[in-house]
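Chemist: Here is what each chain is made of, one letter per residue.
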Amino acid sequence: MKLKALIQKEFRRFFGDPKLIITLILPGVLIYLIYSLMGGLIWDRPQTHDYNVLVLGESAAVEALFETTFGEELTLTHTDDKDAALEEVKQGNVTALISFSEDFDNAVASYDPSSGLPAPQVEIFYRSADDTSSAFYTAATSLLSAYEGSISNAFDVNLGDAQYDFSSTSEVIMSVLGGLLPFLVVTLIFSSCMSITLESVAGEKERGTLATILVTSVRRSDIALGKVIPLSCIAAIGALSSFLGIALSMPQLMGMELGGVFVEYAFGDYLLLLGLIVSIVPLIVSAMTVISTYAKSVKEASSYSGVIMIVVMVLSLVSTFVSGIGDWVCCIPVLGTVVAIQRILEDGAALVMGLISIAVNLAFTALFIFLTAKMLSSERIMFGK
Amino acid sequence: MEETAIVKAEGLRKTFTLSEKQRKIEKTSQKLKVAVDGLSFSAYRGEIYGLLGPNGAGKTTTLRILSTLIRPDAGDAFVGGCSVLKEGEKVRDKIGFMTSELKLEGFFTPSYLFDFFGAMHGVDKAMLAERKEELFARFGIDRFAEVKVSDLSTGMLQKVSLVVAIVHDPEVVIFDEPTNGLDVLTAKVVTDFLLELKAMGKSILLSTHIFSLVEKLCDRVGIIIDGRMAAEGTLEELCEGKSIEDKFFEIYEGIKGETV
Numbered sequence: 001m002k003l004k005a006l007i008q009k010e011f012r013r014f015f016g017d018p019k020l021i022i023t024l025i026l027p028g029v030l031i032y033l034i035y036s037l038m039g040g041l042i043w044d045r046p047q048t049h050d051y052n053v054l055v056l057g058e059s060a061a062v063e064a065l066f067e068t069t070f071g072e073e074l075t076l077t078h079t080d081d082k083d084a085a086l087e088e089v090k091q092g093n094v095t096a097l098i099s100f101s102e103d104f105d106n107a108v109a110s111y112d113p114s115s116g117l118p119a120p121q122v123e124i125f126y127r128s129a130d131d132t133s134s135a136f137y138t139a140a141t142s143l144l145s146a147y148e149g150s151i152s153n154a155f156d157v158n159l160g161d162a163q164y165d166f167s168s169t170s171e172v173i174m175s176v177l178g179g180l181l182p183f184l185v186v187t188l189i190f191s192s193c194m195s196i197t198l199e200s201v202a203g204e205k206e207r208g209t210l211a212t213i214l215v216t217s218v219r220r221s222d223i224a225l226g227k228v229i230p231l232s233c234i235a236a237i238g239a240l241s242s243f244l245g246i247a248l249s250m251p252q253l254m255g256m257e258l259g260g261v262f263v264e265y266a267f268g269d270y271l272l273l274l275g276l277i278v279s280i281v282p283l284i285v286s287a288m289t290v291i292s293t294y295a296k297s298v299k300e301a302s303s304y305s306g307v308i309m310i311v312v313m314v315l316s317l318v319s320t321f322v323s324g325i326g327d328w329v330c331c332i333p334v335l336g337t338v339v340a341i342q343r344i345l346e347d348g349a350a351l352v353m354g355l356i357s358i359a360v361n362l363a364f365t366a367l368f369i370f371l372t373a374k375m376l377s378s379e380r381i382m383f384g385k
Numbered sequence: 386m387e388e389t390a391i392v393k394a395e396g397l398r399k400t401f402t403l404s405e406k407q408r409k410i411e412k413t414s415q416k417l418k419v420a421v422d423g424l425s426f427s428a429y430r431g432e433i434y435g436l437l438g439p440n441g442a443g444k445t446t447t448l449r450i451l452s453t454l455i456r457p458d459a460g461d462a463f464v465g466g467c468s469v470l471k472e473g474e475k476v477r478d479k480i481g482f483m484t485s486e487l488k489l490e491g492f493f494t495p496s497y498l499f500d501f502f503g504a505m506h507g508v509d510k511a512m513l514a515e516r517k518e519e520l521f522a523r524f525g526i527d528r529f530a531e532v533k534v535s536d537l538s539t540g541m542l543q544k545v546s547l548v549v550a551i552v553h554d555p556e557v558v559i560f561d562e563p564t565n566g567l568d569v570l571t572a573k574v575v576t577d578f579l580l581e582l583k584a585m586g587k588s589i590l591l592s593t594h595i596f597s598l599v600e601k602l603c604d605r606v607g608i609i610i611d612g613r614m615a616a617e618g619t620l621e622e623l624c625e626g627k628s629i630e631d632k633f634f635e636i637y638e639g640i641k642g643e644t645v
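So the sequence lines, in the order shown, correspond to chains A and B.
When we follow my numbering, the leftmost residue of the first sequence carries the number 1, and every step to the right adds one.
When we follow my numbering, the leftmost residue of the second sequence carries the number 386, and every step to the right adds one.
Calculated from the structure, these hints are not laboratory results.
Where hints are given, some of them may not hold.
To be verified - If you want the ones that stay clear, here's a sample from chain A, every Cβ over 10 angstroms from chain B, calculated:
(1) G16
(2) I25
(3) A64
(4) E72
(5) T77
(6) D80
(7) L184
(8) L271
(9) A359
(10) A363
What the hints assert, rightly or not - To give a feel for the contact side, a few chain B residues facing chain A, derived at Cβ under 8 angstroms:
(11) K418
(12) L454
(13) I455
(14) D458
(15) F501
(16) G626
(17) F634
(18) E635
(19) Y637
What the hints assert, rightly or not - What follows is a list of derived Cβ distance ranges for each label pair:
(20) A:L30 <-> B:D458: 31 to 39 angstroms
(21) B:F492 <-> A:A363: 29 to 37 angstroms
(22) A:A363 <-> B:Q407: 49 to 57 angstroms
The beta carbon of each residue, even a glycine, is placed where N, CA and C say it ideally should be.
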C-alpha cells in the first residue's frame, strides 16, 4: 500500500503537469519531423536543369560526351567572340562558357606528357553563386576528369553492365541501424532519464519534501523503489518516443521504403530488442537516483550526471570503434546491451547474449536501489550541510 | 497525569563535524561540535513538555534524534517504549513531527497530501476520510482542500503541515519551534490546538526559545544550555515563584558565568 502510494504520487506529479508530458513526447515528434523533412529535401528535390552553354573552339569528342550525358538539359551554342561570351556568363544570361584550345581533339590525341610541352586546355567559365551554373561546372569537370582518365586508360573498375553490389537496400539500412541506433537509443534513454530523475529525487531532497516522507514509517527501500519504478516507466515513454522518431524517420532520411526494413527482423528479435531497451531504462534511472540522492541539490546532481553521461556514452560507442568484441562484454552494463542490440540489428542472432545483458542490467538496477535505500538512511547524506 | 514516560532520552550525545566554512562562521578551530552532550529527560503521557534554550543549544538536534532523522553518537531514546536506534519505523508511526525543515510538495493539494501521508503511515481509507473531514474543518482548510499548496498563504501552509503531521493520530506530537514565522492569528490556532491535543490525551514535546509560549503551554520544562540539561521540572518546581524568563537567565548566567 505504501509503495503503491509512492508510485502513484510520482505518476500524479508527472502526468498532472502538461508541460512535463510535452517535454517527454516532443523530442520524438521533433526528431521524426526534422529527419523526415531532411530526407524529403535530400531525396525528392528535382534534379533537372536547363544548361545553356556557349562553346569557344571545338571538340567533337567532348561535346558528344556532354550531349550524351546531359541529354535534352544541355544546349550548346558555338561562338567566336570570347569577350562577348564572357560578358554573357557574367550577366547570367548563359550557364557557362567552355573554351577549348586550338584543334583540341587532335592535340589531345597526339599529346605526349613526356615532351614537356603545355597540355591542351579546356577552360570553363561559370558563376559559382548560380545553382545551375555551379551544378554544370561540377558535372562538367567530373566528366572531363573521367574523359582524361579514359584516354590513358590502363584498366577499368566496375565499368561493365553487371550488378556489383549484392546488398539489398534493407541490408544497407540494417547496417546503418546496427551501427547508429544503439548509441542513439542509449543517448536518448539517458537524456530522458536524466531530466526527470534529477528533478524528482535531487529536487525533492533540495526542497525538503523528501525529508517529510522520511519522517513517516515507510521503509527506505520502498522510497527507493517508489522512485525507480515510476521514473523508469516515465523515462521509457520518453525514450520510446525518441526511438520511434528515429526508427520511423531513418528510412525516409535514407530515401528508402519503411516496410522493407522491418520485415528483415523476426518477432523474437523485436522482443529481445524491447527487453534490452526496457532493461536499460531502470538501470540508468537507478544510477541517476543514486547520484541524485547523494547530491545536495539539483545543480550538484547535474554536474555528477555529466560524468555518468560520459561513461555511458563511451560504453555505448566502444563497440562501434573496436572490432572483435567478445561475448563476455554482456557482463558489462550498457556496453553489453549496446553490443547485443547491434548484433540483433545486424544479423539477428544474439539470444543468449541479449538475455544475459538483460539480467546484468536488472542485477545492477537492484544494486543501485539497495544503495539508494542505504543512502536514504544515511544522516550524513540526507541532512549533511 | 499518568506517570509513565512516553518519551525517554538516556544520555544522548551528538557531535557534528564542522567544515572549514562552518569553522570560520563559528570562529572556532575545533573540528567537532558537540550539539547534544549526555542529555537525559522524560516526558510523560498526556503532558506538554517544553525544551527551552537559546539558538544552538541542541533543541532541534534532540528532536531530530527523537524523530529518527539522525542517530545519536551515544545514548538512546525511547518513544512509547520503542528505541529510536533499533525500532525506527515503529517510532515514526508513534510520532507526528513538525519542523520548518520538512516541506510539502507545492504541486499537490492539501487533500491529496493528507491522503498520501495517511497512506505512508498505513492509515485505512475510512479512518483517513473521517480524520480529513474533522481536521480540515477544525483548521479551516476545507475551503482550500483542492488548492495547490504552492498557492496557499504561509499561515494556511502551516496549518496544512500540522494536519499532515498528525494524519495518523500519533501518540506523541513533536514540534520544533511551533509558532516561528506565524502571524498572531495562526499562532493562536496552533497553540489552541496543542492544548486541545493535550486534552485528548496526546503527549506533546516542543522546543522553543519563547518564554510566554512555555508559560502558556508547558506542564514541564527542560532548560538546555550547550547541549546539556541545565534544569528540569514542572513550571512551579523550576520557577520557585519567579517568571520562567528570570529563572532561565539566572540558570544561564550561573552556567556561562556571564551577565546577559
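Chemist: Would you mind marking each hint as holding or not holding in the structure?
Modeler: Hint check:
no.: 1; hint: G16; verdict: 7 angstroms, violated
no.: 2; hint: I25; verdict: 20 angstroms, holds
no.: 3; hint: A64; verdict: 76 angstroms, holds
no.: 4; hint: E72; verdict: 67 angstroms, holds
no.: 5; hint: T77; verdict: 75 angstroms, holds
no.: 6; hint: D80; verdict: 83 angstroms, holds
no.: 7; hint: L184; verdict: 32 angstroms, holds
no.: 8; hint: L271; verdict: 36 angstroms, holds
no.: 9; hint: A359; verdict: 32 angstroms, holds
no.: 10; hint: A363; verdict: 27 angstroms, holds
no.: 11; hint: K418; verdict: 11 angstroms, violated
no.: 12; hint: L454; verdict: 6 angstroms, holds
no.: 13; hint: I455; verdict: 4 angstroms, holds
no.: 14; hint: D458; verdict: 11 angstroms, violated
no.: 15; hint: F501; verdict: 6 angstroms, holds
no.: 16; hint: G626; verdict: 40 angstroms, violated
no.: 17; hint: F634; verdict: 30 angstroms, violated
no.: 18; hint: E635; verdict: 34 angstroms, violated
no.: 19; hint: Y637; verdict: 27 angstroms, violated
no.: 20; hint: A:L30 <-> B:D458: 31 to 39 angstroms; verdict: 54 angstroms, violated
no.: 21; hint: B:F492 <-> A:A363: 29 to 37 angstroms; verdict: 34 angstroms, holds
no.: 22; hint: A:A363 <-> B:Q407: 49 to 57 angstroms; verdict: 40 angstroms, violated
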